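**Student:** Please assemble the complex out of the two chains, which come individually in their own frames, going by the hints.
Sequences listed follow chains A and B, in order. Per the numbering used here, the first sequence starts with residue 1228, numbered consecutively. Per the numbering used here, the second sequence starts with residue 787, numbered consecutively.
Hints listed in this document are in silico derivations from the structure and should not be mistaken for laboratory results. Being a predicted model, the structure only gives us computed values, none of them experimental. No false leads were slipped in.
Selected chain B positions facing chain A (Cβ under 8 Å, derived; list incomplete):
1. Ile813
2. Asn817
3. Val826
We put the CB at the ideal spot given by N, CA and C, even for glycine.
What follows is each chain in one-letter form.
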Amino acid sequence: MTGVWTKRFVNALLVLVAIAALAAVLRAGGAIAEGKFHMVSYPASSENIRMEPLGGWATVWQLQEGTVRVDDHTWLRIARLVGQLVGLGLLAGIFWQLRGTLVRIGKGEVFTEANISSLQMIGKLLVAASVLSISIVFMTQYAILEAIPPMEDRVIHSSISWSVKGVENIWMEYEPPIIPMLLAMTAFVTAGAFRSGMEYRQDSESVV
Amino acid sequence: MAIVTNLDVMMAKRKVSLKELADRIGISNTNLSLLKTGKVQGVRYKTLDAICRELDCQPGDILEYRPGEEEEEAGDD
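Only chain B is shown next, with the shape it has when bound in the complex (with noise of 0.2 Å):
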């Protein structure tokens, strides 16, 4: 997929930790943990709108276009 999540880069920014950012947002660490390698199909506008507000950042900032990733990826396997 050539998106990809840099949630884990504004989680260390904000010397957040992962089981902290759950629990202000609102969903299970499981999903937290999904989300922030990559392995979802999709994100929620509500979902976006908590980590956006509890990391202060915008959703470019989790959220990136990296032509060319998905054929890295598909060359890695």
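So here's chain A without its partners, still in its complex pose (with noise of 0.2 Å):
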């Protein structure tokens, strides 16, 4: 891929993480009209298995995954669109700065002190995109338990949680991000490897 297609289809990711920014904002800003801002929802999914027939047992609507809803939490709702908007804010950097790599790479500056503090940038912005991510989730699930009254047939649980015997569990749903981890140590990686080209290809060009 040459430089000029590169940037363009970086410029193309940029654009649409400033779409995905605008719908967020909109999305919220419907809320707000329809006076629904300060409910929160979470996906959840429950161990029992409710199971309607559809015209027979033979076929059936089975029901596992839902949302918990809490409701009068505007400042977890703002507090979850700005974590939102600035996860956006990380993804965008994180381009920006491999739109400047993979353009160096292109005109033949392979192994610069540029292109390393990139890939270093790109690795911090990573690691921090994880660790607001997680945040957030804690924060949601830790608001959603504290708003849940006590019941007696079922358990509302955060991710990482134990069973509770005779009620009906409820697990609040997370995938960490471990491919965001992932790339980061890569991301680490590759700029050490870029550096020690960097150092050998000095060493090369001062050899007459």
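**Tutor:** Rendered as structure tokens:
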């Protein structure tokens, strides 16, 4: 891919990030307009699968996944929106650094200090995005658990929790950002490799 | 650096100009000038071989180890 097309490709990704940020703001605006901005929903799944027959028991409608919703949590909705926008900002930063790196590589400037700095920055931004994601999830789950009153037949759990016997256990879902963390590690390792390459190049250039 | 290049001395002894020697050993004037002034990190055996062949000398005639040269250079800075 040439430098021009690389720029265009990453520019398109940056536009997508901007559209996602705009969509998040518009969704929040829509929720405010409908008077639903105080509600926070979070995906959850039950250990019990409710089944309803679809014209007989040979075919069934299974219900296992849903969302837990709490009302009167405007602050949580705002915090989640801010977190989402910050996350998108971090993603835009990653794409911007990637753009610079790919353009320089396209020009033949591979083992340079600028590329090493960009790769290290990409790694740091990925780590920051992962930490932000985990923080928002923990904050949301904690706030939801605090808001839900005790029930006799059901227990809502955070993602990491033991089941309780004799009741319906419902777990709030979460997938840890393993891929961003692996990518961050890869970015740091690649930055190290680029530094070795730069040192080797500098040594080679100074030998006659 | 305690390694000093005496290439200019040998070139003067053999009455060879920088350009002529560069042409004969097959490297650029710039690189030979950098080597002459000691502004390089290393010398390839191939280059050293060509210089010794063209100037009819030994590697020791071109490169010399002078202890204390590094400190003097640092002091000059």
